[in-house]
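Protein chains in written order, with the numbering used here: chain S, 1 to 537; chain U, 538 to 1074.
Check before you lean on any hint, since a few could be wrong.
[To be verified] The following residues of chain S were derived to be distant from chain U, with all beta-carbon distances above 10 Å: (1) H240; (2) A373; (3) N475; (4) Y505.
[Stated by the list, open to error] Here chain U is said to cover these stretches of chain S; the calculated rule only asks that three of the stretch's residues, wherever they fall, bring their Cβ under 8 Å from a Cβ of chain U: (5) 58-65; (6) 93-102; (7) 183-192; (8) 461-473.
No wet-lab data here; the hints were simulated from the structure.
Cβ coordinates follow ideal geometry from the N, Cα and C atoms, glycine included.
There are 2 protein chains.
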Amino acid sequence: MSALCQNKKTCLKFCTGISVYFSFVLIALHGMPGAQGVWPMPQKMSQTSEIYPLHVHRFIFQYANDSAAQPGCSVLDEAFRRYFALIFPGYSDGKAPWDSFALVVNVQSGECNGYPDENSKENYYLLVSDGQGILKAETVWGALRGLETFSQLVQQDDDEIYYINKTEIVDFPRFLFRGILLDTSRHFLPVPAIMETLDAMAYNKFNVFHWHIVDDPSFPYQSYSFPDLSDKGAYHRFTHVYTQTDVQKVIEYARLRGIRVLPEFDSPGHTLSWGNGQPDLLTPCYKGDVPSGTFGPVNPILNSTYEFMTRLLKEVSVVFPDSYIHLGGDEVSFTCWKSNPQIRAFMQQMGFGGDFSKLEAFYIENIVNITTALNKTSVLWQDVFDNREKIPNNTVLLVWRGTPPKYYSEMSRMTKAGYRVLLTAPWYLNHISYGQDWRAAYSVKPLNFTGTEEQKKLMIGGEVCMWGEYVDATNLMARLWPRASAAAERLWSDEEQTSSLSKAYDRLTDFRCRLVRRGIRAEPVYVGYCKHEYKGL
Amino acid sequence: MSALCQNKKTCLKFCTGISVYFSFVLIALHGMPGAQGVWPMPQKMSQTSEIYPLHVHRFIFQYANDSAAQPGCSVLDEAFRRYFALIFPGYSDGKAPWDSFALVVNVQSGECNGYPDENSKENYYLLVSDGQGILKAETVWGALRGLETFSQLVQQDDDEIYYINKTEIVDFPRFLFRGILLDTSRHFLPVPAIMETLDAMAYNKFNVFHWHIVDDPSFPYQSYSFPDLSDKGAYHRFTHVYTQTDVQKVIEYARLRGIRVLPEFDSPGHTLSWGNGQPDLLTPCYKGDVPSGTFGPVNPILNSTYEFMTRLLKEVSVVFPDSYIHLGGDEVSFTCWKSNPQIRAFMQQMGFGGDFSKLEAFYIENIVNITTALNKTSVLWQDVFDNREKIPNNTVLLVWRGTPPKYYSEMSRMTKAGYRVLLTAPWYLNHISYGQDWRAAYSVKPLNFTGTEEQKKLMIGGEVCMWGEYVDATNLMARLWPRASAAAERLWSDEEQTSSLSKAYDRLTDFRCRLVRRGIRAEPVYVGYCKHEYKGL
């Protein structure tokens, strides 16, 4: 041995140049620490202290011979490229001689050009043993989750040598819907900020990007049917819009990461910016007998409103491939409707009396029917259910109000009525407070509402909301991560296995450093340091 | 006129190519909006709607013929370069033909190689009139403040043409000490993150960087007298330390921006990390009659402690040119001292009885005396005064505890005792809450304590603290800015002129966009947008 080879670790660097098999033995003897874990925690995972070194020039992703997906599969080809660079930062590709460590990927379905959807299977099986890895999944989406897990199993020792423990994992998500809402109306988020979020979502196994794309303050979606909406409703018609190209870029970027894009066009409230580009869409408010010059929610009594919404939703249903469309329906103020004499006359005519929630129901039912006719599933905020509107049973309801036990009783009632529900109330992470508020997000028990087994099955997931009052690209990443990671584990992992906050603390601290290493501006959990600090200043 | 010249604004772009004077008239006729203001607000400022266009290729900074500072003055030469790029983003230099707009700078003192200090004059006079600018100041530090103001007066119209209003400003700071504390112990902040903070400080006219460089969790300062302190006390001896070169880089970067660097070596508490590299420095805690293996504050009864502190403070006084050294003195826990039999014996011997605050006083008095002997002024946290320690009258005390009226009565008592005070209690901006908490920081009335005129004069300023429990380079900038800007205006500007929160809101919103344009990740104040959003993803 050379003089440089006086301890085993230094030696390893040289030995691996000669024979991988020899170094296995060396490292196993040396007894290095096991992997620090995967976030979110897999359902079943066993590891031994046996480890295999990984070297950038002797590592390869491979399709199994009997895999339905083969080279040319966009989702996996791209993922192999990405994960190579994530596992070996600074490298985009290596060489692969005969003695390489191969992660062999085997997918049952060869569908590579579709979109992830509400029923997509994300389960996978991962085995790292005998100097190679095997990843099996039903779909490419499951394979993506397995690749993420594999990348997190890779550790680096003090001499910067990469290694992976002998590991066996059987994994699947607890809930099918695991989303993050970004609000691009209160502040415009440039496309790179959205893509960065999609990256971090994939690292956390989130699978739905809920794009709250328009709202009162601005309408950045550039519609080809109604270009005036963004021309007159965006903060700026050129610099603060999402063109069709932008939208397609986001959808494709998300698809390659197994993430659905759920567009929200919230109405009849939260539509002030729509009025700029679509005359007569909003209700003119009155002061006494004369219009005050201000506008309220969408005007629900005009045929033109429904003609407009039909065309707009038709466009949305074409542009966004997902089977869900979020129609909003939250926080409709009745003040303006009440002030308007035409609206009041319509109420009389329809026999609604003074109950404006019936008028709201009338509107919502109409646009839900439009959406159903487009073969899309409607998602709505809980308000619509609270106002007892008649909505098809396959509607998905998003619970956002209150704290337990209030949201539990809401979930009970909704699922009893046969609706599928999503929980977001405890994950409004735009709200901040001093200290480790990830603990509250982590401690949520999404299924602790009263109900039958059938009802529990109707609880299909949840999402983190990052409303935009105080958030834009300057602070988005640091505010979202790693706090959203707490929700990610709650939505993916087994609740009993992840009940300890102190164990989660250690793992989250490590995982946060991994995010930072990957360029995600995830803020610190508490006092400490990362081996590789954020430097992208 | 060409076909492109059908409206005045488009035309202007062409006309300015021919004659600056002609375009003056055009713009004045066109009636463009006045400047949106300067942050922090100057003491006296008058503006008219008369404006002058600025063009990157016809703009120059000049030394006045009778200025004491002339080309070669490091502080101003560098500042001219910086502000050129800040005024004309994307350009680092222009040409300057005979018809250029010149900002002529006239400084009374030619001292360019010194450091800003506690008595530095920062007043300046700025006149923009007749197509040129005049900036007068006693010192280069005042000239820096004037350059910042000038750069903020420059606006851009919808056609991206830069212009400046006719303006006259007489300006000076309300308080001489306007600081920001960064904590590089709880999380290590890479030097570029510190420099970015210094940039933003200069934009806000802050003039003291309080470097809380070491504390319990880590000792990143690489001492040449005691290299073990960081070798054994830093998070990592190579990657998480400030070398002497780093420190000099920070000090010089700060100097060029008129910012003092106030180092804090907090003791006798908050010193856990010191113990790793300096045996016998910390007090061994006892469990019953035997050492428990844990350590408490610095051991105040050993001669070796004072020998060590003398050497360390001597080094610090050489490395850091500022006349102040912050000695800490906060939150000393007596539990460990009480447990230690040698300490108890010493208490008896000194006649302190059971009053451990006397022991603390003994220690503090010793290190203050060491510091005084080094011709430095000691700064201490308020705890030292609260414990009635005998400290020289020229000590500066930092008020950090409580809310009004508690901190007012503290300031009353301190100034009555003849001490100079600094206020930080209302500006612990590491603490966050949801919403516009800049309003609380802005509403502080630093002089509203009971006291004579003489006492009020002893209130010399304040600082924003950004403690590092939850802060590192990932979230530092967004958490600090623009919330610290609220304190900046309170410390610089006239209180009566800046009493309106709603006016401040509009100005702060604009100023925040200016910070973003300059690459500072300042978070949004509320719903809205910047013409140039943050894109440095």
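Which hints, by number, does the structure contradict? Failing hints, ascending: 1, 3, 5, 6.
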